[in-house]
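Visitor: Residue numbers (the numbering used here), protein chains in the order written: chain Y, 517 to 660; chain V, 517 to 660.
Please note that a few of the clues may not be correct.
In this list, chains with the same sequence are indistinguishable; a pair is considered to hold if it fits within one copy or across any two.
[Said to hold, decoys possible] Here are the simulated SDA-like pairs of lysine to any residue, each with C-alpha atoms no more than 25 Å apart in a straight line:
#1 Lys598 - Asp646
#2 Lys634 - Ile594
#3 Lys634 - Ala550
#4 Lys592 - Leu631
#5 Lys569 - Phe531
#6 Lys598 - Ser573
#7 Lys598 - Gln563
#8 Lys587 - Val642
#9 Lys619 - Ala599
#10 Lys659 - Asp603
#11 Lys619 - Val642
#12 Lys520 - Ala550
#13 Lys598 - Lys634
#14 Lys520 - Leu631
#15 Lys592 - Glu633
#16 Lys659 - Thr572
#17 Lys598 - Ala567
#18 Lys626 - Gln637
#19 Lys545 - Ser584
Hints in this document: simulated from the structure, not taken from any laboratory.
Protein chains: 2
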Amino acid sequence: MLSKASQYAIKSLLFISANQQVGVRFSVKDVAIAIDSPPAFTSKILQQLVAAKIITSVKGSGGGFEISTSKIVSTKVISIIKAIEGDHFSSGCFLGLPDCSEKNPCPVHKLYAPLREKLNQGLYNVTLDDLINNKGKQPFNLKG
Amino acid sequence: MLSKASQYAIKSLLFISANQQVGVRFSVKDVAIAIDSPPAFTSKILQQLVAAKIITSVKGSGGGFEISTSKIVSTKVISIIKAIEGDHFSSGCFLGLPDCSEKNPCPVHKLYAPLREKLNQGLYNVTLDDLINNKGKQPFNLKG
DNA sequence: AGTTAATTGGACAAAATTGTCCGATTTGAT
DNA sequence: ATCAAATCGGACAATTTTGTCCAATTAACT
Ligand code: FES
Ligand code: FES
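Please model the complete structure; the sequences and the hints are all you need to start from.
Guide: Structure (structure tokens):
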């Protein structure tokens with residue numbers, strides 16, 4: 517499964533994106549309450565997202581985190597995950613073998629690789645914007 | 517991803533199953549060398565597989581682990597995983613929310629749930645026997 | 001009977017992940 | 001200028017996962 521860190525990252529971005537308006541910023545506390553996460557840990561993750569240039573931050577009173585409309589539209593879910601846990605997400609062998617490939621497949625490769633590939637494509641093709649405007653039907657859930 | 521413990525469990529069983537003959541037993545050391553895993557940790561995992569009644573063990577000189585032909589045929593990969601890490605594997609939300617369902621979906625549910633379901637079905641429909649007789653083509657890899 | 005080879009079970013250790021705390025810095029408002 | 005509110009960075013702590021060690025037990029062989 518996804519690491520907690522990545523989960524918090526995605527949830528944070530969904531909250532910030534879904535509520536972004538011009539001139540509005542969200543503090544760590546705002547985000548942590550909205551997504552029901554430990555504040556100090558969430559702070560670290562927001563810092564990583566700033567470093568990855570997905571969001572921007574403003575220090576000092578009245579400061580906080582924002583995301584631009586263009587980032588909402590362009591940021592793919594897969595990019596968020598990779599920003600947090602590096603590149604090894606998309607390509608790892610189900611059994612942990614060092615190089616997963618058709619040439620040197622493990623016994624479950626045939627079963628696993630196509631599904632992993634579909635998940636990767638899905639995460640690559642879905643942006644924050646897609647998720648927050650999810651055909652409007654059901655209001656989504658970030659807390660549980 | 518899968519836990520190391522589950523990975524070692526699957527690899528151990530594949531090795532034992534693929535090499536099983538009447539009267540042959542494999543020691544912890546045999547298995548650990550074959551699948552390139554830490555012996556003491558592998559020992560714990562083999563104990564869990566004995567507790568789950570997937571393999572049997574014989575203590576003392578000449579002892580070791582065996583698997584019956586019927587277990588090779590009947591043991592599904594999903595059962596191995598659940599024997600090691602419990603039931604929460606098949607149903608967890610991608611974002612870690614406590615109950616994943618159509619009724620109360622998180623933003624990525626629509627994308628993730630069907631793929632998770634396909635993986636579950638795949639792991640449910642594949643047995644040890646299927647994996648070790650993988651249409652014979654490529655000899656598979658358990659070490660890396 | 002004694003020795004050897006093996007699993008079993010328990011306690012322990014190391015590493016990775018998750019989470020906390022606090023001082024330094026920056027910014028806005030009084 | 002001072003104060004309050006906020007991020008930033010670093011060190012630290014707790015928890016989970018991974019991994020080790022060893023004594024106890026069991027079984028085969030001589
Ligand atoms: S080699 Fe194991 S999934 Fe590809
Ligand atoms: S609710 Fe998140 S994957 Fe189903």
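Visitor: Decide, hint by hint, whether the structure agrees.
Guide: Hint by hint, here is what the structure shows:
{"no.": "1", "hint": "Lys598 - Asp646", "result": "within (19 Å within a copy, 34 Å between copies)"}
{"no.": "2", "hint": "Lys634 - Ile594", "result": "both (12 Å within a copy, 20 Å between copies)"}
{"no.": "3", "hint": "Lys634 - Ala550", "result": "neither (30 Å within a copy, 32 Å between copies)"}
{"no.": "4", "hint": "Lys592 - Leu631", "result": "both (19 Å within a copy, 18 Å between copies)"}
{"no.": "5", "hint": "Lys569 - Phe531", "result": "within (17 Å within a copy, 46 Å between copies)"}
{"no.": "6", "hint": "Lys598 - Ser573", "result": "within (20 Å within a copy, 43 Å between copies)"}
{"no.": "7", "hint": "Lys598 - Gln563", "result": "within (15 Å within a copy, 36 Å between copies)"}
{"no.": "8", "hint": "Lys587 - Val642", "result": "within (13 Å within a copy, 42 Å between copies)"}
{"no.": "9", "hint": "Lys619 - Ala599", "result": "neither (29 Å within a copy, 31 Å between copies)"}
{"no.": "10", "hint": "Lys659 - Asp603", "result": "between (27 Å within a copy, 22 Å between copies)"}
{"no.": "11", "hint": "Lys619 - Val642", "result": "between (30 Å within a copy, 21 Å between copies)"}
{"no.": "12", "hint": "Lys520 - Ala550", "result": "within (16 Å within a copy, 33 Å between copies)"}
{"no.": "13", "hint": "Lys598 - Lys634", "result": "both (17 Å within a copy, 24 Å between copies)"}
{"no.": "14", "hint": "Lys520 - Leu631", "result": "both (22 Å within a copy, 20 Å between copies)"}
{"no.": "15", "hint": "Lys592 - Glu633", "result": "both (16 Å within a copy, 23 Å between copies)"}
{"no.": "16", "hint": "Lys659 - Thr572", "result": "within (24 Å within a copy, 44 Å between copies)"}
{"no.": "17", "hint": "Lys598 - Ala567", "result": "within (13 Å within a copy, 38 Å between copies)"}
{"no.": "18", "hint": "Lys626 - Gln637", "result": "both (17 Å within a copy, 14 Å between copies)"}
{"no.": "19", "hint": "Lys545 - Ser584", "result": "within (20 Å within a copy, 57 Å between copies)"}
In summary, the structure is inconsistent with hints 3 and 9 from the numbered list given earlier, while agreeing with the others.
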